[in-house]
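There are 2 protein chains.
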Amino acid sequence: MPEMRQNPVNGQWVVIAAERAMRPQDFPATREEPRVSDCPFCGGREEETPPEIWAYRQAGTDRDAPGWWVRTVPNKYPALVPDGILAEHNEGVYSRMTGIGAHEVIIETPRHQVHFHEHPVGQVEEIIRMWRDRYCDLARDYRIKYIQVFKNHGREGGASIEHTHCQLIATPVVPKSVMDEVVHGIERYRQTTGRCVFCDMMVQEQAAQDRLVLEAEHFLAFCPFASRFPFETWILPKHHKTDFGAISEDEIKSLAWILRETFTRLAQVLNNPPYNLILHSSPVNIPWDPGYHWHLEILPRLTRVAGFEMGTDYYINPTPPEMAAKILRETIEDLGPSH
Amino acid sequence: MPEMRQNPVNGQWVVIAAERAMRPQDFPATREEPRVSDCPFCGGREEETPPEIWAYRQAGTDRDAPGWWVRTVPNKYPALVPDGILAEHNEGVYSRMTGIGAHEVIIETPRHQVHFHEHPVGQVEEIIRMWRDRYCDLARDYRIKYIQVFKNHGREGGASIEHTHCQLIATPVVPKSVMDEVVHGIERYRQTTGRCVFCDMMVQEQAAQDRLVLEAEHFLAFCPFASRFPFETWILPKHHKTDFGAISEDEIKSLAWILRETFTRLAQVLNNPPYNLILHSSPVNIPWDPGYHWHLEILPRLTRVAGFEMGTDYYINPTPPEMAAKILRETIEDLGPSH
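So the protein sequences, as listed, match chains A and B.
Residue 50 in the numbering used here sits at position 50 of the first sequence, and the numbers go up by one each step.
In short: position in the second sequence from 1, add 1000, done, that's the numbering used here.
Note that these hints are calculated values from the structure, not bench results.
The beta-carbon is built from N, C-alpha and C at its ideal position, and this holds for glycine as well.
Errors might be hidden in some of the hints.
Computed Cβ-Cβ distance ranges for the label pairs, DEER-style [what the hints assert, rightly or not]:
(1) A/76 / B/1286: 44 to 52 Å
(2) A/179 / B/1143: 26 to 34 Å
(3) B/1330 / A/285: 43 to 51 Å
(4) B/1045 / A/32: 49 to 57 Å
(5) B/1271 / A/3: 22 to 30 Å
(6) A/248 / B/1204: 29 to 37 Å
(7) A/183 / B/1330: 50 to 58 Å
(8) A/51 / B/1077: 50 to 58 Å
(9) B/1033 / A/288: 51 to 59 Å
(10) A/246 / B/1184: 30 to 38 Å
(11) A/76 / B/1118: 34 to 42 Å
(12) A/215 / B/1190: 31 to 39 Å
(13) B/1140 / A/248: 53 to 61 Å
Turn these sequences into a full structure, and let the hints guide you.
This is the structure we're talking about:
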């Protein structure tokens, strides 16, 4: 019989269709043909992007010129823009607001490379430092209330450019789904127990073991109990940390290792699947402490978000997370000592 | 500058990226190759589906034999199943529940036909009658709390079988997104104004005119103010109706006309796009009156639900609904008199 499971943080249900128990080889192939080599993100073609916002580059090299190893530019087709007045306007039952915020692209390497896990681990650290730098810079703008770092990979993951990159969108309103997690999940649980629901979740995962994927010095990777997608994997700081922007150098090294190792295993097991990588962190510039526990969510996109999911926010997942975690644990990769 | 708009019912925001103003020809082609002709939904192959639950068929013909014109069967890979005990079980921070419910497939015609709008209008009426019959039958099961009728069309819409069909999933828990609409949207608005937010929305749409698509005797079709998807279209009963299951014969005729006409126009304008059609109705078997206003939502799937949407529940829509509605209004189809 199928089983329903509830996400303890936001209250959403998933259906674990364990009868189907889809293993990696049961999903249709998602291998993609390489796209045009005409790539505006490659080193030497800096003039084809909007002027850079921030780059890690060799001393003495010019802005918007070669010599960088991680480079952030505005999205050419921004969802939200930094210049203008933030103004809300009501019209009968409707509210509208000027689209103030930011939409940036973080180009992870000047080489035309497609997959995140092909970066050396030191490069992954630099990418995480860039997330942190851009996050902290945008958080200084009082108009910004939430900063979403994310990565779309592969066609089914929504990537329109093949060259490996992440994005960052800063919004002037805390998204409803984030408020739901913060108010209904974190706050309600804390009022009842005095503890953080994510911290308790990790205690339980470490005792049960069956959904664990990897452990590093500062981070834990596991397939969540109420996984919406096959092989969904979360990476959480082992100690309670509210704000991604406050990540330490030690934590960056630890995160780089576990993130690269997780993606290596997902790529090996699922043949370079399409996915979304999503940062969940606290709202910024709000006059109260949400007590959130920041984390990363990796959502492989091997199943479709269709009518049922859009209508009910239930997800149907044909791969039990215990099976996914076991497969990911048993995929041996020797990437050197963990951090 | 992009504009943010809020859905007055559930509080979610969308970004209307009006600079891009994507018109129908700007979207990548979604035309699909016909798939295998080996179709288990075609008339004459009834033994290839699970035994039928209900069918409209010629007098004297047998169950699971030819002679039907609309036929409902269990989904071969059900998300939820009707037989078993509904039991919830807690385990530390987690809750799980047996997957009790129903998952049915409504085969809209015995002919191998791909598109909904190719049905004669009388056939559309029969399909709506089948929705109602199955809806009312399942609502009699006290374990069922929500009934989701939906249709996935095209690969990007999540359809795995080409032969035109809808689905119905009945769940033992009211989905969180439905509770959000009912409690936060409907109930809060009613406490403030004494009125239904959907009714007030229609008054405003009929005054403004610029998002209207079509009007029938009992229904209004318009592109919603906070459209998440390009050419998103909602169809609402013009008078306050809580429960889809109570739809009248007159309303069925009117809905069949406006639904078929809307799909004809979408198919013409967007070259048979992939889409989801989703019924939103009241929860069932709950001890209070949610005062919902049932309606249908058509979501063309020309843009991707990716990392930003998954992380924030903001949607980015490159086609302003006023532009979409104008294009749909001006596409002239002569389908006979409206109902």
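Hint check:
{"no.": "1", "hint": "A/76 / B/1286: 44 to 52 Å", "result": "holds (48 Å)"}
{"no.": "2", "hint": "A/179 / B/1143: 26 to 34 Å", "result": "holds (31 Å)"}
{"no.": "3", "hint": "B/1330 / A/285: 43 to 51 Å", "result": "holds (44 Å)"}
{"no.": "4", "hint": "B/1045 / A/32: 49 to 57 Å", "result": "violated (35 Å)"}
{"no.": "5", "hint": "B/1271 / A/3: 22 to 30 Å", "result": "violated (41 Å)"}
{"no.": "6", "hint": "A/248 / B/1204: 29 to 37 Å", "result": "violated (51 Å)"}
{"no.": "7", "hint": "A/183 / B/1330: 50 to 58 Å", "result": "violated (44 Å)"}
{"no.": "8", "hint": "A/51 / B/1077: 50 to 58 Å", "result": "holds (51 Å)"}
{"no.": "9", "hint": "B/1033 / A/288: 51 to 59 Å", "result": "holds (54 Å)"}
{"no.": "10", "hint": "A/246 / B/1184: 30 to 38 Å", "result": "holds (32 Å)"}
{"no.": "11", "hint": "A/76 / B/1118: 34 to 42 Å", "result": "holds (40 Å)"}
{"no.": "12", "hint": "A/215 / B/1190: 31 to 39 Å", "result": "violated (50 Å)"}
{"no.": "13", "hint": "B/1140 / A/248: 53 to 61 Å", "result": "holds (59 Å)"}
When held up to the earlier numbered hints, the structure conflicts with 4, 5, 6, 7 and 12 and fits the remainder.
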